[in-house]
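Student: One letter stands for each residue in the lines below.
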Amino acid sequence: MFRRHTEARRPALTILIDGVATEAREGDSVAAAMLAAGHVIVRKTPVSGAPRAPFCLMGVCFDCLVTVDGVGNRQGCMLVVREGMRIDTQQGKREYGA
Amino acid sequence: MTSAAPVHAGREFELAVVGGGLVGMAIAWGLARLGRSVVVLDEGDLAFRASRGNFALVWVQSKGAGLSDYALWTMQSSRLWPQLAEAIEDETGIDVCFRKPGGLHLVLSDRELENRANALKRLHNQPGMQHFPYEILDHAEVAKLLPQIGADVAGASFCPEDGHVNALRLLHALHVGFQRLGGTYRANHAVTRIEPGRDEFRLHTAKGEITAARVVLAAGLGTARLAPMLALHAPVRPQRGQIMVTEKVAPFLPYVVHTVRQTDEGGVMISDSVEEAGCDASVGSEILAVMADRAVRMFPLLGRLNVVRCWAALRVMPQDGFPIYDQSERYPGAFVATCHSGVTLAANHALVLPPLIDTGALSGENLDAFRARRFNVSPAH
Amino acid sequence: MNPSGDLRARYDVAVVGAGPAGLAAAGLCARAGLTTVLLDEQAAPGGQIYRAVAASPLPMNSVLDRDYWQGAALVREALASELHHVPGANVWGLLREGEIAVSLAGGSRLMQATRIILATGAMERPFPIPGWTLPGVMTAGGAQILLKSSGLIPQGRTVLAGCGPLLWLLAWQYLNAGVRLDAVLDTTPRANWEGALRHVVSFAFSPYLMKGLRLMLAARRKVRVVADVVGLEAQGGKHVEEVVYRTSRGDQQRLPVDLLILHQGVVPNINLAAAAGVTHRWSDAQLCFLPVLDVFGSSNVPGLSIAGDGAGIAGAEAAQMRGRLAAIAAIRAIKPQLSFAAEEKAARATLRRFERGRAFLDLLFRPPPQFRLPRGETLVCRCEEVSANQVLDAVALDCPGPNQMKAFLRCGMGPCQGRLCGLTVTELMAQARGVSPEEIGYYRLRPPVKPITLAELAGLPTTEAAVKAVARE
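Chains as they are written, first to last, in the numbering used here: chain P, 1 to 98; chain X, 1 to 381; chain A, 1 to 473.
Certain hints may be false.
[Claimed, not checked] Calculated lysine-lysine pairs in the PhoX-like style (CA-CA distance at most 25 Å, straight line):
id	chain 1	residue 1	chain 2	residue 2
1	X	Lys121	X	Lys144
2	X	Lys121	A	Lys211
3	X	Lys121	X	Lys100
4	A	Lys335	P	Lys44
5	X	Lys144	X	Lys207
6	A	Lys335	A	Lys345
These are calculated hints, taken from the structure and not from any lab test.
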């Protein structure tokens, strides 16, 4: 769905998305990095299990909720990627203790 | 909106219920089920709605200290609740998720545990007291029921008769059910004055007048002002309670804890504060901090969850804490029903009170204990 | 500029939001010698319009327009002053007078400021069409953020739909970047032109004319534009596959699509201000709730002002001027010996210039009712998945307003706190009950306006009275 503009030059780094090593760029938000890597669906809703993707990218819609380094329901658009960050898509309700 | 029911000898409605909260709607629905023509007069969107600020407990343990009849009344409602839930689902299709897994009043120190045990013992020793089953548990016994419990939990009192319900869905369902039975609900119709007449009552509202053969005051905090107009006395005051709710979590809490409960939708609700707050329904961070701290001490992993909403509501507290059910001696068609525990008592309000109001005599069923004469004040004329 | 680690307990002025209004306000306060903190939830200053301007991966002057890069100057100027810039700060509540609850690095604390200036800006107006929750559907603002912050552009079949200057700006930026756009589905009603043309003279003398026309004409030359679109639907299984649209001529068309970008204007993000007790009123001109403010942006809450698009949509340059005016009021309140009279005069003159032509834009790009008033199974509340039908059923129960309706349906109870459903609900209820949106009102908003953890709340200060109120054993 998205690709990098050829003039967008930033150092690459590696993050894990659902356990798979994936390239991201410095300065990417988690949501941007996921979209760039083709991970459009980032979660299934806790109400109906419907698939959702990042929608507003500015912290307002809460559709980009993902688990980051083991902590659930983080807004992917509000976090900047770091080397080795573990990102997991979410399936429905958050687990107690997760 | 439904049209008004057929006119009865010049009156528009057989019954007018003032107040569209859990108490008013339960009574109104119950009366509508008996075939009466009922109008509910309610305030607007931003009224003091205790029905939007309860903790949704159907709670038996702790009730009745100072009045055994209240324990009996509470137990009766708790036992009738499954019938209420079933009737609502049959008639509206809405499942209010009434569950009675048993409730725990958790304590965070040995002193609290001792106080709790003594309080329950004193409660049970009251003359005429209806005993309910309960156990005092220590930390290890609580941990058997709830393995996630924190080390600070010293113990709990457990009662298998305690439960909870989706109280907002209950309110919604009562509105739906009432409308389906032909009941008339009018929002933005705050009652300013009630004029008792020879065989009817004229209710003056913000949007015009309504007449009814009988009237039931179930207006929560507004009841105190309206009661004297009908030679009734209903001393109630506001008590602020603050609540927090978390994001939706996969089910982890099978029991109801009196300050921490998980709703059927997954959110965890946390309370329980009591402040004599006048009419200020705003949220203060100190109380939220204490509530959060206690909840996290009870369930340490709760700390990781996000609170998505906090709110405060002004709850109804009758002068002595017990419900006020009364019938005006001067105007026998006028009734009052107000209480603190509108969720627990919803079954009685929907199934027990309406037939009594219908026959015109609010007596028996140990209801005498709830009349206003216990306040030793003669009603205004 | 101080590092964010040592956030003080007290400042003369706290500014919330580091967009153009916040940067201008904080910069001026700091230069006047007031201790000033600029709290911003984003990682870098610039707000949305100047998103990543100080650190965009895109080289200057390539894809983005000149106005964007001017934001860099504003950021530099502000940060060169003595203000304390705190990124990653989530201001979740304004509690008692002057008390700010902020979450920073996983911990919440309370701080004090004599004057608070909210510059939390705007957000996209909800655009509830059938299928708007499907993956592959996003806002123009969101797409622009991906472009500015990460240099990401669409590949595959891409359609833009809606109305408003930002839609055309994005189209121009994409075309400039070599993106293939399949279509722009323009929902601007033809009838809007009639009302707007009455104001065309003032628009012609406004700074928007040349820039706006230039962009729109350039974009229209290079992409297929479908005018007068009256119906829109996103269809697909787990991802959007087609956009179905209808024009006023009545014919229905289907376009296969991988990315559908929606936009129908921006509205103030009122949650923090409303939760702080600021009075808001419905504006029919801008079809949203606006705070009631005086000419310096001061609200009914003592010491609290609002500047920028959060006070009413007027664009980045107007935002800066409002920021300056709010700052001047704050400066005068704390250091009465300073007058800044010349600065005030200049700011007002510039503000007038940039407000000229707003009426034209508001009228021309007034989103049509069918895209503000969904029907049927179209979701109104994305968080709790509540449909338009359900909202209308609640109205049929004579539900008096959005708060009772929220209790019945959970609509507005999700983490977004009504930001994506509130306006829709108010307008739906107003239309169904035959009254004005002002009469219907809005959700009652309270802190926290963004979710925070229980652990953070537990870490806040308590009092003995509070403990007694809770632990009543």
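Student: Next pair to validate is lysine 335 of chain A with lysine 345 of chain A; report whether the Cα-Cα distance is within 25 Å.
Tutor: holds, 19 Å
Student: Given the hinted pair lysine 121 of chain X and lysine 144 of chain X, is their alpha-carbon gap at most 25 Å?
Tutor: Roughly 24 Å separates the two Cα atoms, so the pair holds.
Student: Has the given pair, lysine 121 of chain X with lysine 100 of chain X, been kept, meaning a C-alpha gap of at most 25 Å?
Tutor: Holds: lysine 121 of chain X and lysine 100 of chain X sit about 23 Å apart, inside 25 Å.
Student: Given the proposed pairing of lysine 144 of chain X with lysine 207 of chain X, does the C-alpha separation stay at or below 25 Å?
Tutor: violated, 57 Å
Student: Quickly compare the C-alpha distance for lysine 121 of chain X and lysine 211 of chain A to 25 Å and report which way the hint goes.
Tutor: violated, 80 Å
Student: Does the alpha-carbon distance linking lysine 335 of chain A and lysine 44 of chain P stay inside the 25 Å limit?
Tutor: violated, 54 Å
Checked against the numbered hints listed earlier, the structure breaks hints 2, 4, 5; every other hint is satisfied.
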